[in-house]
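Enquirer: Here is how the chains run, residue by residue.
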Amino acid sequence: MLDELKKKAREILKAGDAQGVLGLKRGLFDVIHPHVFTAAEELDSLVTEPKWPLAKTARAILRDRPGDFRLAVAARGCDERAVVELIKRNQIDRERILILGYTCGSEQAKACLCSRPWPEKRVAGDIVEGIDPLADDRVRPYLEGDDRARMERWAEQLRRCIKCYGCRNACPICICVPCKLEDDLWVERGAVPVEMVPFHLIRAFHLSDTCVACGACQEACPAGIPLMTLQLSMREALRKEYNYEAGLEPERTSPILSDFNREPRPGQALPDWIHTMDRKT
Amino acid sequence: MSGADGNKTEGMAVLIVGGGVAGVAAALDLAAVGVRVHLVESGPVPGGRMAQLDKFYPTDHCAFCPLWTDIRRLREHPLIAVHSFSDVSSLEQKENGVRAVIRYRAPAIDPERCVACGRCVEVCGPAAIRPSGAHAYPPVYLLEREKCDRCGACTAVCPSAAIDLERHESSREITAHDVIWAPGFREADISAFREFGLGSHPDIMTALEFESWTAEAGGNKGRVVRRSNGAEPRNIAFVQCAGARDLRLLPHCSAVCCMHALKQAQWVRRRNPAVDCVIFYTDLRTVGRGYYEYALRDIQGSPVRLVRGRPSLIHPLPGGGGIAVKFEDTLTQKRLMWNFDMVVLNGNLENSIRQNALSREALPHLDGEGFITGRDGKASPPACGFAAGPADVTEAVIQAASAAARALRAKRS
Amino acid sequence: MGMVHVILCRCFGELDSALDLEGIRTRLEGHSDVASVDTAGSLCLPGDAAAVFSRVLERGAKKVLIGCCSPFGRGNVLRDELIRGGLASSDVVSVDLREGCAWIHGKDPAGAVKKAWNLLDMGLASLGRAGRSDNVTVRVQPRALVIGAGASGLSAAATLAGLGFETHLVERTAAPGGLLNLISRTYPTGESGPDKLKGFIGEMERNPLITFHSGTRVESVKGYGGDFKVRVVSSGEAKLIRAGAVIVATGARVLLPRGMMGYGSLKNVITQMEMERRFFTGKVDCTAAVLLQCAGARSPERPYCSTICCPLSLKNAKRVLKEVPGSRAYVLHRDIMTPGSVLEAYYREALRAGVQFIRFDPQKPPDILGEEMFKGVEVDDAVTGIRRKIDADLLVLSTPLIPDPENQKLAEILDLPVDRYGFFEETYPLHPVETRVDGIFICGAARWPVSSDQAIQQGETAAMKAAAFLSHEKIPALLQSPVPGGKAGHARADADFCTGCGNCTAVCPYGACRLQKMNGRSVSRVIKVRCKACGNCISVCPNGAMQIPERSDRAVGEMIRRAFREVC
Amino acid sequence: MSATKNVHDVRIIVFACRWCGLIGADGAGRERTALPASFRVIPVECAGFVEPDLIIRALADGVTGIAVLGCHLGGCRFSDGNHPALKRLELLRTLLDTTGIGGRRLLIGFGTAHESHQFAEMIREFHRELSELPSPGTWLAGTMKRQ
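Chains as they are written, first to last, in the numbering used here: chain B, 237 to 517; chain U, -7 to 405; chain G, 71 to 638; chain X, 637 to 783.
Hints are computed from structural coordinates only; laboratory data are not their basis. Be aware that a few hints might be false.
Said to hold, decoys possible - Derived coverage of chain G by chain B (criterion: at least 3 residues anywhere in the stretch with Cβ under 8 Å from a Cβ of chain B; other residues may be distant):
#: 1; segment: 225 to 231
#: 2; segment: 607 to 614
#: 3; segment: 622 to 631
Yeah, the Cβ is synthetic: ideal placement off N, Cα and C, and Gly gets one too.
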């Protein structure tokens, strides 16, 4: 799969479709780091392991390169979806980015609880069946069971947060500068352990309709808190209500940003009276 | 907002008879272009029939919801003078305008001073004082003179000296450049028609009675119950064109009642799915935007049955077992008789011009069927809402602005 | 020393005892934000406002906190007078101590007193942090633009000119009149279509205030209510019209029922429009006409009633009987839609004139007989239950009005919503000709199928609403609001915070947020006039870049924190 | 936190839209309906004004329940501004459910609280439900000391 990717990358560089290819390079002392390959020969040192979210890096590169610089990205499924979300949020110019998609293996999919371990624009690798994250037993204790137990389980996890902002910095969609979590009005400054509810719930809710479930936050968290599990229930709600999944349809803005005429709930009439105490008035 | 330089509207004034939804809309449109308005409203606060409705079609809103914000705009506008408790006693056409005498049936409790603290209600022996409608804006208290035994206890206890039992009628003369008639409709008395059985049983009621009987703001808090014994009805009959499209009384079609019956049936189903609703219609007239789909939603969504045929006899069963409705279902040509727990009569709506214009010469020229349409060639004053012909809320508000435009253009030329 | 003057209403003793106003008064005087505290017997009777004003000016306080009754009671009386007297609406806050506190917690006096203190504290928090949006005023262009010169467009233009406003009338085709040019007689008066518009067209040519642009299309509309910059193109050459108000009167099309009930395959199967052409040319040539209602209407594809087909069909049926001696006319219908007094009388006249009405069940439509020539129909008469065979030599299909295919394009140009049928949609009941963009009004068949009289009437309605705009030289943006009492303010995006994610542009119901390029990155900018301060953009802005000064996050955050604070 | 909750621990913030949500509260007051004094009403222009982050911040500031009373869908004066508001708040309820705090702490009432009896019943029921919910516990109560 790797040499197919290299072959495709060389073609693109030669044909001038892109001036650079962003991928992982095995550099000095076998240290692997993201690198912009500009010459076809350099591509020998292109590698695809380990999993490294490149969408935000691509945005940064495109930001400080001249306007006509086009970048191709060696992207996994979640990277491509993250790039689509960034395009939707006007962070990356659609014409200046090209996706060289390659698939993930089944054990990688199992590790990331990924339901779509393949990109839409696939260049290399063959498609492997994804897994249903909600059925996984690493996730179920955090989503099911009685409220009280669940609250304690989450509290016990979130209490270990040391507010290193690793999750926010790793997330390809978290682009706000300055970020609300640093504002004293929302999260008290200098309090460690952090105020769990504001920090984690505000961050989770901001990503409710944009999270592409790439797992970068969970991998980046030094305390090993299952942060992606926070998003899964909201992603499931959006999929069930509006069959919308972040990062799939570039032309469709998030359904919770528009009214019921433009983004109705399929199969449901306009809910005219809402009383969440489940009491029909 | 003073009038613009462009057109000469300074100093212009228009008299609007009727403070319902059409009158309020016309007043706001005229005031927006800088014309002074005298709005004559017979009730305590503007709102008219729409304020008496619980919900309204096709959006199934609460009827007071869009209305109270417009009434608040009315009260805040410096150019609009609202004459509540008033009606037009005389109206003379002059060459450059109209001279009108407004009779002000002064209420015992002055709405401008009443702070709605309710102390008078506690001390009133014969319970002659009650708060105005649930959503009247601003909330006022009303003293019914016929119940009042003039003991004066309320006057003593009222903190803001708002009550004066001696306050009586007074008249006031105003001149205006034009009159817009918007007195709205009322329910014609069809108790004379024995086949409808109005008055023979508490559970046979007219549409407006049923609306306030099941209103969310009403005494039953939105519950659908029988008026005779308070039990929940098994089925309700909605009888259309009761007294209308009938040369004996009202030759016209009242235009609003098919949709109104569909709305009431829908709301009965929402509040109590166990109640069967049957609508007896002749032509189900659903003509406006989204009206036909509203009707479809009613029929397909919940089993509201439509029967094409006017009942020939509605009679309470002896022994109180409900109300018998004899009818021919003209689509199956079968003559049937069903028992209903409640019967709602729709359709007997006529305009209330005569009720508002008290004297002969105050009456504008009416066409053959009692409406101001100028159909038979004679010039007629601008009119909107039911005064110009049966119309629902949206039509009435459209006619209000066009009547205002006509009144304005007539005076400028 | 604080900047807030607090005035507490004793409401003739209603609040005095229940809330221990004296205790609250002493505590308030110690509050850091408060300049002075007063209590008054009443605040809503004539003369009370003047007393408050004098004390406010005396103390030089900038902001006023009023502890009184509910805004639906008389809580607004003093506040409105203070605002009319010159105080900014964000500097006067009224707190509901009567309905919302003393009366509703009558059984729990301790809870009521604590709540009263908390509510006042929250009022101080919001007053302390309330900024003020800069009040943009719109210089109104004193002329109107009417798109479409059909019945409603002509009537709107004539009414606006009659009210003294310069009007530009833009018509896509060469001549004014729209559908009415093709109507030989209109109901209920029987006047011909062109005669009905003769007065308006004469007014258009005679009145210098009206400029008619034939063969012209609207290409783009920029700006906002009071000052629209409209680019119109006629035969390739573009013009810019600056208008204070725009009226959409583009009318509708009649459905051509291809492939339905023999239309196109059988001779002598025509639509009502062709019937009108026959009446124009006088060649009616038929002995028995069948007029079929709801042809293509009230069906799954077009689930609506098109208002005019029944009365139009009654008129044509009566004319066939009158103009062709010895002829017969049948109207096959599912319901005769003639609501009101005028149309019901028209229906009675048709019955008396001898038109025969046959009702059919929509599930069992009539069968059309004849191979190449229309021979007649066979239909189950729903009322008599017998199957009737009618031989006739003319079938007239009453087809509905359908939205003009260009509505969608014009809707995008004007940024207006269309409803699920494709007609332009009004914003809110009781405002049937207004749209979500202030200053753009809709009337006639572009809004919903209407008869000629209704179209002319709606033209006058839209003109009246436009006149409300054009009769002011300047309109403060804060007063262009869908709610009484003006807007709460306008939203403002902080350019350095904004990352250009576009959430606000997607969620704004008024399209008031637009993304703008600023040194290489896109930043959101709010068109102050279009913004109505509904607050949706604030809720979806991830990092709080979007704020409404009168009600910032800080203010509400502080109010929540003080909501249950112990009384100190 | 004491096992049995006394009435003072229930703290409800009611965001009520000025055009529909607030009317029920005013009616209930005028009819002297006796309600627990555990709620504070913050009037807002539209349900769209209620920021989800503010609700989360309120939960951290010791508020045990939030009610958002808006207009009926299609009844919003701000051209359907309450549609996205409803979608956002329902999504927030899912998040609160996931973390165990309980979506029931966020009550959404669009077009259901304009009558005095509706508002009174809703507040009583919400109060009862919140007093039965497990006490917020230290981690939810966050930093009460920040008053």
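Enquirer: Look at each hint and say if it fits the structure.
Expert: Here is what the structure says about each hint:
1. 225 to 231: violated (count 0)
2. 607 to 614: holds (count 4)
3. 622 to 631: holds (count 3)
Checked against the numbered hints given earlier, this structure breaks only hint 1.
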